[in-house]
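Q: One letter stands for each residue in the lines below.
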Amino acid sequence: MVVKEELLKKTQAYYCLDCGKCTSVCPISRFNGGFSPRRILIGSLTGRYEETLKDEKLYTCLTCGLCGTRCPSDVKFVEFIKSSRFEGQKLGNLVPCSHGGAIQSLMRIMTSPSLEQRRLDWVPRGAQVAEKGEVAYFVGCLPYFDAFFTDLEVNSLKIAKAAMKILNRADVEPVLLKNERCCGHDLLWAGDLDNFKKLAEHNINAIEESGAKTVITTCAECYRTFKIDYPTYIGPLSFKVLHITEFLIDSVSQGKLNFKKTRKKVTFQDPCRLGRHLGMYDQPRMVLSSVPGLSLVEMERNQQSAICCGTSGWMNCDAISKRIQSYRLKSAQQTGADSLVTGCPKCYIHFKCAMKDPKMGKELEIEIKDLTSIMADALGR
Amino acid sequence: MAIERSESDELRIGVFVCYCGLNISGTVDCEAVAEYAQGLKDVVAASTNRYTCSEPGQQEIKNDIKEHNLNRVVVASCSPRMHEPTFRVACQEAGLNPYLLEMVNLREHCSWVHIHEPEKATEKAKDMVRMGVSRARFLQPQIEKEVPVARSTMVIGGGIAGIQASLDLANAGYQVYLIEKKPSIGGVMAQIDKTFPTMDCSI
Amino acid sequence: MTDVGRHPRIELMTLSEVADVQGYIGNFRVKVLRKARYVDEKECTACGDCIDICPVIKPNEFDLGLSTRRAIYQPFPQAVPAAFALNMEECLGNNPIACGKCLEKCEKECIDYDMQDEEVEIKVGTIIVATGMDVYDPTELDEFGYTRFENVITSLEFERLINSGGPTEGHLIRPTDWQLPKRVAFIQCIGSRSEKRGNPYCSNVCCMNTIKDSLLIKDHWPEVEIKVFYMDIRAFGKGFEDLYKRSKANGVMYIRGIPGDIREDPETKNLILLAEDSNSGKVVEHEADMVILSIGLIPSAENSLIRQLLTLSRTSDGFFMEAHPKLQPVDAPTKGVFFAGCAESPKDIKDSVTQASAAASRANILMSAGKFTVEAITSLINEELCKACGVCARVCPYHAIEFDKEKKLPARVIEASCAGCGTCGAECAFDAVIMRHFTDQQILGQVEAILEENPQDKVVVFACNWCSYAGADFAGISRLQYPSSIRIIRTMCSGRVDENFVLHAFKLGAPVVLVSGCHFADCHYINANRWTQKRVEKLWDKLEKKGIRPERLQLEWISAAEGLKFAKVMKEMEELRQGVTLEEIEYTRKEL
Amino acid sequence: MAKKKKQEEFEPKIVVFACNWCSYAGADTAGVSKIQYPHNVRLIRVMCSGRVNPAFVIKAFERGADGVMVSGCHFGDCHYMFGNYQAKERFEVLKSLIHLLGLEKERLRLEWVSAAEGGRFAQVVKEFVEDVKKVGRSPLALTNI
Amino acid sequence: MAEEADFKCLRCGHQFKAPYSPKDEPQERACPQCGSNSVRRIKEKAKGK
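Chains as they are written, first to last, in the working numbering: chain A, 1 to 381; chain B, 1001 to 1203; chain C, 2001 to 2592; chain D, 3001 to 3145; chain E, 4001 to 4049.
To be clear, the hints were calculated from the coordinates, so they are not data collected in a lab.
Owing to the predicted nature of the structure, the values given are computational and were not obtained by experimental measurement.
Note that beta-carbon positions come from the ideal geometry of N, C-alpha and C, so glycine has one too.
Mixed in with the good hints there might be a few duds.
Stretches of chain A that chain D covers, calculated by requiring three or more beta carbons in the stretch to come under 8 Å of a beta carbon on chain D [what the hints assert, rightly or not]:
{"id": "1", "stretch": "97–105"}
{"id": "2", "stretch": "109–119"}
{"id": "3", "stretch": "144–151"}
Far from chain C, by Cβ distances over 10 Å, these chain E residues were calculated [stated by the list, open to error]:
{"id": "4", "residue": "Asp4006"}
{"id": "5", "residue": "Glu4025"}
{"id": "6", "residue": "Glu4028"}
{"id": "7", "residue": "Ser4036"}
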């Protein structure tokens, strides 16, 4: 099978110089010598694309984009993988989903139009929520994660509650969508374009019905999906999408929010989606720096060179993932920071999980906080 | 509009359609084009040739200029960017001002780009020849002027290339001005230790 | 080098810049700004007394900051002219109450704080552009840690370190501990062959430079372990392959794979490189004491000014564009100007010298002939029709039209300066400009010939000689197929396309007209195509006012290399043509 | 009303995960004893109720099951000591997920049935089918057909 | 901040915004959708009509 011309053009795959910079930085390759982005690409280009599509390695890639930052030829490897997964889906590939594919099933369930979810039970009693309004807060899968990962005690809904606190404090009464669906990120990256589109359309309709002109999200993946994938696969959006960090920057600069003094030292995990996919490195750091007394120490590999949290799209969570996570957590410990701040609920969950490891867990322990929560906690009077 | 042609100047246009081997004739019916050209106003001679740019091809132009007393020449062959100078010389050798030549680009702009539509290409070729003839009617002799060239040169940059060029020209007897931005000449070359492939000193 | 200094027919002007160039082939008038040296170049014997006493210490640029120099200095020992120079911005002496120590010390009294910059005018017949190149700054390639890690240096810095005239007197040391590095790693293609950061082209010299450097190290210190990380080794020149083999025979390890990441061991300051050996497919960590980034060459920063002054153009890589890449590789598009060395493309010393001699020879041909035949395709003013409005003079990219505003006399063309673009002819509202060999009549004659029969089936395309017409030729050469409805009219420049040509075509029933020319950066006539754009914009407005769809007039920039684009655009033109109704054409005929 | 009409015709599709040692054997007992129970159930044998990954249950719903029952040994009887405790824990997760998705709690059931309880198996199944019939067709079944 | 103006592609009809100032030299423009250079600035007046 020959790689389609369209894909070659879109991803510049044929520009590959075979230099191997991608493989030498790839977090998977570091722990799994059998995995090499370069070889996947070169193999595909030299007439073995079919093999690539059938190979489980197609789903091993974290699509974290670190290879892309190094590539001299600007080969869009992540795009190559994503598009190839669409092809794989057509061939009926069995995607190696973690958790038995339960999460993907949940997402596919959500494509059903007649679903009437009860996803807002978490909303704190005092929170000010609007039925219709200018601003909507897109919660994402947090309620489901909390239900699903009870054994990890992730309590990721803290993030949602924190977001409500921040929004309300900045005099915003957000609309919460009763029937919002998963943004579709994970289905898209597993190659299931059809169901992704269904979810996307549900969400776009729900937001348009709510009358919101601005949608705020606390999830790096939702943000990328709204920002890049919805316009690509669905069409231009009639509303603006903001990551909570952008909202925070605006509110702080307008003097709507202020923070208590603290003496905490934190380090920040750049989520792939926010950082390398969207180039948002400075915004989270700006937000953190607006807390007086909060000091940020960087891990050895940060921003463009940050290492992924080890799993992506609830696929292929294996021993390699754990090793990446423990490597990352150790880097965080080495900074001497009190807490590791994450910018994506998935990173948060994955690290939490790594620390639950009965053998290694204790060695890896460090306080983890999501960016939104740490900001909400720091809010002053 | 300026420069009217004087009435007495009777137009005698010759059209030469080139086969370019099969490059043109493989698509365009050159004979039909020449025949069509023959029927155009002011055209007194139209012919085809297998390779107009060849020595015999050029000779035919020269002969026709003399025989038919041509005062405009239209060559329908390849791009003027390729052979305009060739045919200009041919005209000049036959005593015609080289600027009274017009070229029609049948090869690059017709036969090669419409390989699968020979009929339409032939129609287009006719149109193109008509365009060429139409323009040729208004061509005027031009005279190329000469300007003196001063026997001095300026070399901008005193690196290895600038130094070499300066020395060559100065040794040939010209005055050379070597302009260098830095306090010394030498450029990057002077910073390098040994140089490949001979591994000797750079300065 | 010293030959230059003492040659009787070479006037060496250092610390000088070209300020202005007027005139044309054979007759250039050049203004050169000679900056003050503050030291009498002829008197100074470079004795060095002044240096010993100068209190100002600055990084030495020649050693790339690896050593220091004073405010009064000689760039390097073999400098030509062998005179010192004083950097007045750094000198304290300029200040009346301050230093002045060198002035006292100089026995020959050749230091003069009051020396002034001067402007010199020279007249030359030919110009050789040898502005050279700059080297790539790898700081932006953060993964290699240049500037973050002290023991990561560039190949040019390495040259200074291993040079016996350099700051270490040729002893190879690494910056952190001044010890001989035991393990050295070279990384190739830094800033070269890169689409994203750096430059897309191959810099030509770096492979051989590294091979040479590896041998230099091995010659002096055979025990040093050398690893070269590369993508391809390009050793194509005479004697190059031998050198490559020698390097390998000396034990230099060539590893196919570029490191994606370098870390520094905070204690030893050693560097840990992570690279995939693409032959084995294994990712391996390599530890090195010193890393040398084999940096590429980039166009000289000087180029943009010279380009403007001499009306040159650049290729997409930023180096100067030659008149023809194969057949006139040392000629500039501007006549009488030639290229030598890296100004035109990255090259090694041998190639630079070869090209320099070629450029000298090309210039020699002109100068020994003593005369040159200029372009016959120039413009001419019909003085009877000229209303002395001055538009032609304003739009001329070459300032080849003289026009006196006060006296209101008809404009006059300086033929030797005129390059023949025809923009003046297109802009003149009174048809007072006669564009030789591309007269209005000639072009209108072609328009009429196209539209004589079945005008509704034809697309009229105006194409400039240098780019779009050549692009059409390229489409032909590549056998790219496009619809046969296309009729091309050649003009020297898209700037020649008069409003009248377009309107006349529409009046005669043309469904679609395309005006095409060079991309903005490539215009053969400096910037004449800016006027094309303005004119087309005006025409769109005009057409719309008359109720004619402006879409029927199209504009496209197509370069000589864009045969594919030409064919694509022609297909689009045909699609547009099919969308134009007979009623529309009829309406247009009446309206115009 | 239309809905009622539908209910009359409605025959739910029910997936039962049954552990090899108790519930599956219970179903066998029901069969041996010719105890009648509704035809709507489809039995999937697992070695232990602890084997029932929540993903299985969710997948069943995704594909349009109207109800899913997990059944295993009584506490203390587990052939694998504590497998059924695991099942219980997982069931809680499933309950909250079903709740979030807006599905009726009647659609999901956890039962302990021993090998001897053939009658009980039939009874439980009957009850469950009745309950599911009451809540009607799964909204997912409606769209996924 | 850079001034912006509305542009329309006369090839594919795509409308878009791009930096523009009447003071600037003319620039080479291309339609972000189809790549055509037939890009026309839509002037304020025309919009009002």
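Q: Are the hints correct? Go through all of them and say.
A: Here is how each hint holds up against the structure:
1. 97–105: holds (count 5)
2. 109–119: holds (count 11)
3. 144–151: holds (count 5)
4. Asp4006: Its Cβ never comes within 10 Å of chain C, the nearest being 14 Å, so this holds.
5. Glu4025: violated (7 Å)
6. Glu4028: violated (4 Å)
7. Ser4036: violated (7 Å)
Checked against the numbered hints listed earlier, the structure breaks hints 5, 6 and 7; every other hint is satisfied.
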